[in-house]
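Work out the full structure: start from the sequences and follow the hints.
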Amino acid sequence: MLSYLKSSLVATVWFVFLSFPFMVVKVNTLKNSVEWRWLNLLWVAIGAFFLSALWRWAMERRHRGGASGESAHADTPKLTLGERILNDRKIYRPLLAVLTAVILLFPFVFDSYQVSIMLLALIFVVLGLGLNITVGLAGLLDLGYVAFFAVGAYSYGLLSFYYDVGFWTALPIGGLVGALFGILLGFPILRLRGDYLAIVTLGFGLIAKIVLENWEEVTNGAKGIANIGRPGLFGLQMDIATTTIYTYYLMIVLVLFTIFVTNRIKDSRIGRAWMALREDEIACVAMGVDMARTKLSAYAFGAFWAGLVGVIFAARNTYINPNSFTFMESAIVLSIVVLGGMGSIVGVIIAALVLILLPEYLRAFADYRMLIFGAVMVLMMIFRPQGLISNVRKTYGPRRSAPEVNRD
Amino acid sequence: MEYENFLGYFVSGLTRGSIYALIALGYTMVYGIIQLINFAHGEIYMIGAFVALIVSGVLTIYGFSGVSILVLAGLIAIIYAAAYGYTLERIAYRPLRSAPRLSPLISAIGMSLFLQNYVLLAQTPDFLRFPQLIPEIALLQPYAHVVGSAELVILITSALSMIALTLLIKYAKIGKAMRATQQDMIMARLVGIDVDRVISVTFIIGSILAAIGGILVGSYIGQINFYIGFMAGVKAFTAAVLGGIGNIPGAVLGGLVLGLAESLAAGYISSAYEDVFAFGVLVLILILRPSGLLGKAIKPKV
Numbered sequence: 000m001l002s003y004l005k006s007s008l009v010a011t012v013w014f015v016f017l018s019f020p021f022m023v024v025k026v027n028t029l030k031n032s033v034e035w036r037w038l039n040l041l042w043v044a045i046g047a048f049f050l051s052a053l054w055r056w057a058m059e060r061r062h063r064g065g066a067s068g069e070s071a072h073a074d075t076p077k078l079t080l081g082e083r084i085l086n087d088r089k090i091y092r093p094l095l096a097v098l099t100a101v102i103l104l105f106p107f108v109f110d111s112y113q114v115s116i117m118l119l120a121l122i123f124v125v126l127g128l129g130l131n132i133t134v135g136l137a138g139l140l141d142l143g144y145v146a147f148f149a150v151g152a153y154s155y156g157l158l159s160f161y162y163d164v165g166f167w168t169a170l171p172i173g174g175l176v177g178a179l180f181g182i183l184l185g186f187p188i189l190r191l192r193g194d195y196l197a198i199v200t201l202g203f204g205l206i207a208k209i210v211l212e213n214w215e216e217v218t219n220g221a222k223g224i225a226n227i228g229r230p231g232l233f234g235l236q237m238d239i240a241t242t243t244i245y246t247y248y249l250m251i252v253l254v255l256f257t258i259f260v261t262n263r264i265k266d267s268r269i270g271r272a273w274m275a276l277r278e279d280e281i282a283c284v285a286m287g288v289d290m291a292r293t294k295l296s297a298y299a300f301g302a303f304w305a306g307l308v309g310v311i312f313a314a315r316n317t318y319i320n321p322n323s324f325t326f327m328e329s330a331i332v333l334s335i336v337v338l339g340g341m342g343s344i345v346g347v348i349i350a351a352l353v354l355i356l357l358p359e360y361l362r363a364f365a366d367y368r369m370l371i372f373g374a375v376m377v378l379m380m381i382f383r384p385q386g387l388i389s390n391v392r393k394t395y396g397p398r399r400s401a402p403e404v405n406r407d
Numbered sequence: 000m001e002y003e004n005f006l007g008y009f010v011s012g013l014t015r016g017s018i019y020a021l022i023a024l025g026y027t028m029v030y031g032i033i034q035l036i037n038f039a040h041g042e043i044y045m046i047g048a049f050v051a052l053i054v055s056g057v058l059t060i061y062g063f064s065g066v067s068i069l070v071l072a073g074l075i076a077i078i079y080a081a082a083y084g085y086t087l088e089r090i091a092y093r094p095l096r097s098a099p100r101l102s103p104l105i106s107a108i109g110m111s112l113f114l115q116n117y118v119l120l121a122q123t124p125d126f127l128r129f130p131q132l133i134p135e136i137a138l139l140q141p142y143a144h145v146v147g148s149a150e151l152v153i154l155i156t157s158a159l160s161m162i163a164l165t166l167l168i169k170y171a172k173i174g175k176a177m178r179a180t181q182q183d184m185i186m187a188r189l190v191g192i193d194v195d196r197v198i199s200v201t202f203i204i205g206s207i208l209a210a211i212g213g214i215l216v217g218s219y220i221g222q223i224n225f226y227i228g229f230m231a232g233v234k235a236f237t238a239a240v241l242g243g244i245g246n247i248p249g250a251v252l253g254g255l256v257l258g259l260a261e262s263l264a265a266g267y268i269s270s271a272y273e274d275v276f277a278f279g280v281l282v283l284i285l286i287l288r289p290s291g292l293l294g295k296a297i298k299p300k301v
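If you read the sequences in order, they're chains F and W. Residue numbers for the first sequence follow numbering that gives the first Met the number 0, beginning at 0 and rising by one. Residue numbers for the second sequence follow numbering that gives the first Met the number 0, beginning at 0 and rising by one.
Check the hints yourself; a few may be wrong.
[Unchecked claim] Here are some, though not all, of the chain F residues that point toward chain W, as calculated from beta-carbon distances under 10 Å:
(1) Ile182
(2) Leu183
(3) Pro187
(4) Tyr360
(5) Ile381
Quick caveat, the hints were computed from the structure, so don't treat them as lab data. On a predicted model such as this, the values are computed, not experimentally measured, just so you know. Don't be surprised by glycine CBs; every beta carbon is placed ideally from N, CA and C.
Quick look at the structure:
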């Protein structure tokens, strides 16, 4: 207890020192005035004191967990959240029923602004599921994922601007163009190892935005493209509120479709090849998996979904400009995947809904959003790298009481 | 005129390049030892610049004069950057020493987002005017259109820092320990090197160099905001890869080549696509020669 107190005090002094120039002093270099915010120091001190105690406690717990061995039984109780939800029908069935009811009735209870926000959250669900294929299943860290989203959105934007193409034609085109870009960008970087890959994809994401901003003749530059058509239904005339609701249901169908496809793919031959590649590339290639094809397909599949929802994003906003496709969007999608649990579909869906809806409804939280996302990414990696709901890998053979849980 | 234009681009490219080199050294040293892309390194550079701005702002108000501001602001900024670098490693990377490779990288990205938004929220999202810390050198006045005094100071300071680093790594005890750790961490531990301490010192040295870069850039460009670390970080990483990551002379060479290429391309082709050139160079290098200009190719261990 005393050692806790001592180390917490040391940490408090240290963090007060670290944050002093940023939290206390605020200079205005134009007016040559300085503002001293001493009260902040108190908050930092209190926060640092308790957080460092919490940190130390969590670290000790983590060490104990590691020391108690790798036996699955020792840590079943804390790993079963995902399992319980997925396996226990008593929980699973009513939960699903409630969820379905909420989702279906949502547009009738709330106004079209709320529906529109929910639509955005669903877009991020699909983005998260798409990136989950590349990062979670295949282990290829893609920091420029937003580029494929932009490709999809701009495919629709440009097609509707120049050729007056409708939503339904653009939807598959957006997905396919996204996938095509995935393959094109995937080719040169096949040979790169994990961390180089991350930086190059980050570069691709930034290049995409710069090109969209500067290629004025085609993309209309920073001004963006306006008057993009909303989704139509056999030429029916609908007002904006109805279209929003219609788009919402459309999006739900798309989310279900995404869940279905990614779920099936995960347990298919190619899905298993992705996971094998993630675990050990050399062993995987030695077992006869075609490395190039497997990696490219992971890229293409991930990019396909981004392109697809890019079209819906353009249709939802009816206006797109390069500022919707910054590194921040990539980081948000990545934190969705990290928080949800890499490879886990349920986890990604929950994480996407929480991370997108929370800042919308808690306005006070909105400013701190990226700060918290950053901290969450660090903490998740340290304390719970498998995510909130860990991926349950499908096992074949005789039915066991507890399926194996993928812990990596 | 044509010739003077070229000379102008050349000097500004060298200046830019030597800043990239200063930041790239931090990346390359950390990567050499723990094979981690310290994604938050650019943020340390930003923090260095910010502390210098804050301290010099306060000192100006309290009536200090030119050189004493430069010395004090520089010193405090360096101390703070080193402290942040050390804390960063302790919190975000040390617990992940034995984790799979992607984990520390994601943790690093998280730290980078955290630090950016911390400065954004605690200070301001706007650009701040950075005080001109580097005094004008009267002797250079006639040549001001080719080489400014800030540029000269940047070139000299970065050259001196790099020489000091080289000497440190070559002759000092900690430098030898760093090289030993880089070659074989387990063996280094066996011969009694405190590896954790070596890693901490590596982060501190890298952060000091980044802070020097931050202060120099701040007074060269004249304004900073919370976001400057991101671009600078990515470009410096490009420079480190260009020279062969893990290779210290390579980082310097890579920084200079990248700075020159960018400056000349911006001058003669188009400045709108300036950043595209940098990433284009990175992608090309990684495809054609992943080991970089001076690096040795590493065969994967089976």
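We went through each hint and held it up to the structure:
Violation of the interface hint for F/Ile182 is found here, the shortest Cβ-Cβ separation to chain W being roughly 16 Å, above the 10 Å cut-off. For F/Leu183, the suggested interface contact is broken, since its CB lies about 12 Å from the closest CB of chain W, more than 10 Å. Interface restraint check: F/Pro187 against chain W, minimum CB-CB distance 5 Å, threshold 10 Å, status holds. For F/Tyr360, the interface hint is violated, since its Cβ never comes within 10 Å of a Cβ in chain W; the closest pair sits about 20 Å apart.
Look at F/Ile381: its Cβ gets to within about 5 Å of chain W, closer than 10 Å, so that hint holds up.
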